[in-house]
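The residues making up each chain are set out below.
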Amino acid sequence: MATENTTTAPATPAPAAGTSGAKMIMTMGGLGLVCGVLIVAAFQLTLPRIEKNKAAALEKAIFEVIPGATTKTVLSEKDGRLVPASDVPGGMHYYAGYDDQHHLVGVAVEASGQGFADLLKVLYGYSPDDGAVVGMKVLESHETPGLGSKIESDPSFRANFEALAVRVDDAGTGIRNPVTLAKHGEKTQAWEIEAITGATISSRAVTDILHSSTAHTVPVIMSNLQTLQSSQPEGGQ
Amino acid sequence: MSEHASPASEPTSMDAFLKGLWKENPVFVMLLGMCPVLAVTNSVVNGIAMGLASAFVLVMSSMIVSLVRKLIPNEIRIAAFILIIATFVTVVDYLIQAISLDIYKALGAFIALIVVNCNILGRAEAFASKNPVGLSIADAAGVGFGFTIACLALGSVREVLGNGTFAGIRVLGPSFEPWTIMALPGGAFFVLGGWLLLFAWMRERKAARA
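Residue numbers (this note's numbering), protein chains in the order written: chain C, 1 to 237; chain R, 1001 to 1210.
Rather than coming from a laboratory, the hints here were simulated on the basis of the structure.
Some hints could be false.
Below are the BS3-like pairs computed for lysine-lysine, each with C-alpha atoms no more than 27 Å apart in a straight line [unchecked claim]:
{"no.": "1", "chain 1": "C", "residue 1": "78", "chain 2": "C", "residue 2": "137"}
{"no.": "2", "chain 1": "C", "residue 1": "137", "chain 2": "C", "residue 2": "121"}
{"no.": "3", "chain 1": "C", "residue 1": "137", "chain 2": "C", "residue 2": "54"}
{"no.": "4", "chain 1": "R", "residue 1": "1105", "chain 2": "C", "residue 2": "54"}
{"no.": "5", "chain 1": "C", "residue 1": "60", "chain 2": "C", "residue 2": "121"}
{"no.": "6", "chain 1": "C", "residue 1": "121", "chain 2": "R", "residue 2": "1105"}
{"no.": "7", "chain 1": "C", "residue 1": "23", "chain 2": "R", "residue 2": "1130"}
{"no.": "8", "chain 1": "C", "residue 1": "60", "chain 2": "R", "residue 2": "1105"}
{"no.": "9", "chain 1": "R", "residue 1": "1105", "chain 2": "C", "residue 2": "52"}
{"no.": "10", "chain 1": "C", "residue 1": "78", "chain 2": "C", "residue 2": "121"}
{"no.": "11", "chain 1": "R", "residue 1": "1070", "chain 2": "R", "residue 2": "1130"}
{"no.": "12", "chain 1": "R", "residue 1": "1130", "chain 2": "R", "residue 2": "1019"}
{"no.": "13", "chain 1": "R", "residue 1": "1019", "chain 2": "R", "residue 2": "1070"}
{"no.": "14", "chain 1": "C", "residue 1": "121", "chain 2": "C", "residue 2": "52"}
{"no.": "15", "chain 1": "C", "residue 1": "183", "chain 2": "C", "residue 2": "137"}
{"no.": "16", "chain 1": "R", "residue 1": "1130", "chain 2": "R", "residue 2": "1023"}
{"no.": "17", "chain 1": "R", "residue 1": "1105", "chain 2": "C", "residue 2": "137"}
{"no.": "18", "chain 1": "C", "residue 1": "121", "chain 2": "C", "residue 2": "183"}
{"no.": "19", "chain 1": "R", "residue 1": "1070", "chain 2": "C", "residue 2": "23"}
{"no.": "20", "chain 1": "C", "residue 1": "187", "chain 2": "C", "residue 2": "137"}
{"no.": "21", "chain 1": "C", "residue 1": "54", "chain 2": "C", "residue 2": "78"}
Looking at chain C on its own, in the form it has when it is part of the complex (with noise of 0.2 Å):
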């Protein structure tokens, strides 16, 4: 058993008396249980804090995506049409921002897609005057540090979203220019998203994350004007 062990190395002394893989299997089962419930415990106590964070963080960029606005109602789509989001649980809210008239500026969508590393979630806003996407924040990303992570800071990437013009078609059900990616320097077009030079797949990332997702809800948007406009506002910033 023990004195025809001859597989190890012969640099490295033998213990005294090797222990069994039975006891090691124990002491690291045990350990990993230990270790197992104190993230479990660290998770379910933190949660309501970090839920509360997200929320903060959502209702802040709500504001920054939809210029102008300053006070808000949450709706969600039920087939093609715009109810308040506590009649649809679970379902994909449509923020709308309201000037201090009461008045329509936009209505702020979140959508979610692969980025280059993991889930990339970002927030627009959509404005149904402008017919463009005036706001994009990054909600969530794991893109590279310094490359990647451009699509957050770069002043001339987020320029791509002040005015990024999406209009429903003639027939009110689809998208006239749908969204696509330029090269850097190469946009011509209002519907263009211009890359990050050196972070191609983040850039298209959120070129295909915008594209899918305003395929579906401007169209929904546009056809739900008069619901949007009467929605009373529920409260400010």
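Place chain R on chain C using the hints.
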């Protein structure tokens, strides 16, 4: 690590604490755990957050390693240490999210990377696995705070020069043109080099006077 240099007499907790804090400062003397030091110390707040998060993981894992040191078979000790360290890194990940999402975003992937900070496994292997709990905590706290001070030292210089602010408060007038390089990774090397130069010069002066 330099355990061979430990004195023959029984070390006290204070000695163990001060050793890590200054004489064997993990960053300025040992040059260990450089990756997070260089990467996220572009502001005072980020530097302190990174330092304290690492210190928390260091102290907690050293305590647990020291507590269970007699139960862990020698063959699997490294795996066991990593498991303990990874647990506290996950805990600190949740804690930072609960404290501030902005800091969490700023530190990004470097929170998860605390698990591979060689200071932590180094202290577990070289100190905590051989010493009683109290002494291990003192040692870990010394290294942890030494690391935090180093992150703060880099973060404050980089924020003041790179942004004209200290912890968000403007200290240099509006006519100050920020040195953008200081906020970028390259600036970290310059500032670290500057601090190392200062400490080397101080040591030399002290040696010359003695």
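Here is how each hint holds up against the structure:
1. C:78 x C:137: holds, 26 Å
2. C:137 x C:121: Holds - the C-alpha atoms of residue 121 of chain C and residue 137 of chain C are around 9 Å apart, at most 27 Å.
3. C:137 x C:54: holds, 14 Å
4. R:1105 x C:54: holds, 12 Å
5. C:60 x C:121: holds, 15 Å
6. C:121 x R:1105: Given that 27 Å is the threshold and the Cα spacing comes to 13 Å, the pair holds.
7. C:23 x R:1130: It holds: about 21 Å lies between the C-alpha atoms, which stays within 27 Å.
8. C:60 x R:1105: Holds, because 15 Å separates the two Cα atoms, which is no more than 27 Å.
9. R:1105 x C:52: holds, 16 Å
10. C:78 x C:121: holds, 23 Å
11. R:1070 x R:1130: holds, 9 Å
12. R:1130 x R:1019: Within the cut-off at roughly 17 Å; holds.
13. R:1019 x R:1070: holds, 25 Å
14. C:121 x C:52: holds, 18 Å
15. C:183 x C:137: holds, 21 Å
16. R:1130 x R:1023: Measuring from Cα to Cα gives roughly 21 Å; hence the hint holds.
17. R:1105 x C:137: holds, 13 Å
18. C:121 x C:183: The hint holds at about 23 Å.
19. R:1070 x C:23: holds, 13 Å
20. C:187 x C:137: With a Cα-Cα distance of about 21 Å, the restraint between residue 187 of chain C and residue 137 of chain C holds, given a limit of 27 Å.
21. C:54 x C:78: Since the Cα atoms of residue 54 of chain C and residue 78 of chain C sit roughly 25 Å apart, the hinted pair holds (cutoff 27 Å).
Every hint from the earlier list agrees with this structure, and none is contradicted.
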